[in-house]
Amino acid sequence: MNKKVIAIFIVTLIALGVLWAYSFGPLSGTVAIKANPASLQSTPQQTVVAQQNIAFGVYHNKDLTENFYTIKFPQTWQLQPNSPAGSYHFASDNGSGSAELQDVADNTTLELFVLSQAEPNLKKSEAGYQRISYQKISVNGNDAYQLTYRSTTNGTDYETIKTYITGTDHAAVITFTATQSSFANLQPLFASILTSFQWENK
Amino acid sequence: MKQIFLFVSLAVLGFGLYLKFFYDTPDSQIQINFFVSWFLIIVAIASLLMNLFWSNPKKRKEE
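Chains as they are written, first to last, in this note's numbering: chain A, 1 to 202; chain B, 203 to 265.
Just so you know, these hints were derived from the structure itself, not from any lab.
Even glycine gets a Cβ: it sits at the ideal position worked out from N, Cα and C.
Worth double-checking, as some hints may not be accurate.
Stated by the list, open to error - If you want the ones that stay clear, here's a sample from chain B, every Cβ over 12 Å from chain A, calculated: (1) 213; (2) 216; (3) 217; (4) 219; (5) 254.
Unchecked claim - Here are the simulated SDA-like cross-link-like pairs (lysine to any residue), alpha carbons at most 25 Å apart as the crow flies: (6) A/162 x A/128; (7) B/222 x A/162; (8) A/4 x A/14; (9) A/162 x B/228.
Stated by the list, open to error - Computed beta-carbon distance windows for the label pairs: (10) B/210 x A/70: 42 to 50 Å; (11) A/137 x B/253: 53 to 61 Å; (12) B/224 x A/80: 31 to 39 Å; (13) B/234 x A/116: 21 to 29 Å; (14) A/16 x B/204: 23 to 31 Å; (15) A/80 x B/207: 48 to 56 Å; (16) A/6 x B/204: 17 to 25 Å; (17) A/80 x B/234: 22 to 30 Å.
Produce the entire structure from the sequences given, and follow the hints as far as they go.
So this is what it looks like as structure tokens:
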């Protein structure tokens with residue numbers, strides 16, 4: 001047999017072995033999308049919300065090339081460590097807030113995704129899920145679908161407002177959760193955070 | 203026969219490149235897409251090279 005062909009065969013086998021190691025073997029961690037450290041840096045900004053001067057941190061997320069975005073969260077909220085690439089999870093005394101990127105397949109629309117996949121998943125995962133409202137809104141010129149629902153955790157009633165914002169490749173999902181008693185008071189703050197959301201590469 | 207082999211190799215290479223650069227991969231399948239696309243590209247390039255270097259037995263006799 002031709003020596004060159006044997007050499008090509010051996011090199012191919014080695015390349016496939018390395019590929020397996022990168023995909024499923026000991027080097028597999030390198031394939032996953034990693035968060036950009038710059039995304040976790042925030043710049044301070046003062047904003048008046050419901051006649052109160054609140055200090056916000058403005059975050060520029062640069063984790064997924066087609067989905068750079070800007071959002072601000074109150075500086076008093078604690079950023080949870082080890083959030084997946086493209087997302088922020090915050091906790092506060094009365095509730096929590098998060099911004100995430102959601103992959104939506106090309107063969108569906110965001111609205112169809114919300115109604116046929118996201119909401120049924122919430123019904124399964126959230127105890128006592130009860131939809132309060134569903135509406136189409138606009139967030140800085142982007143079509144968005146807002147789902148408000150009630151759920152129960154450890155005997156406490158929570159209210160959650162989840163907004164799915166259309167984007168180039170991924171959609172953004174902004175979620176705010178608060179105890180039912182404090183939800184109304186926090187709504188202006190939630191609205192202020194939501195309207196601060198902007199796609200950067202649009 | 204050689205032409206068929208060449209055509210199949212090019213088709214496999216094209217499909218591998220499509221999966222790598224144009225297919226909208228769901229987040230949950232990035233790893234499997236990485237493996238399958240590179241597998242097809244490597245195998246297609248290897249088969250193209252083998253096709254190129256495989257000496258014809260008739261030619262060898264002539265030499």
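The hints, checked one at a time:
no. : hint                      : in the structure
1   : 213                       : holds (18 Å)
2   : 216                       : holds (18 Å)
3   : 217                       : holds (16 Å)
4   : 219                       : holds (16 Å)
5   : 254                       : violated (9 Å)
6   : A/162 x A/128             : holds (16 Å)
7   : B/222 x A/162             : violated (33 Å)
8   : A/4 x A/14                : holds (15 Å)
9   : A/162 x B/228             : holds (21 Å)
10  : B/210 x A/70: 42 to 50 Å  : holds (49 Å)
11  : A/137 x B/253: 53 to 61 Å : holds (58 Å)
12  : B/224 x A/80: 31 to 39 Å  : holds (35 Å)
13  : B/234 x A/116: 21 to 29 Å : holds (24 Å)
14  : A/16 x B/204: 23 to 31 Å  : holds (24 Å)
15  : A/80 x B/207: 48 to 56 Å  : holds (55 Å)
16  : A/6 x B/204: 17 to 25 Å   : holds (19 Å)
17  : A/80 x B/234: 22 to 30 Å  : holds (29 Å)
In this structure, the earlier hints numbered 5, 7 are contradicted, and the remaining ones agree with it.
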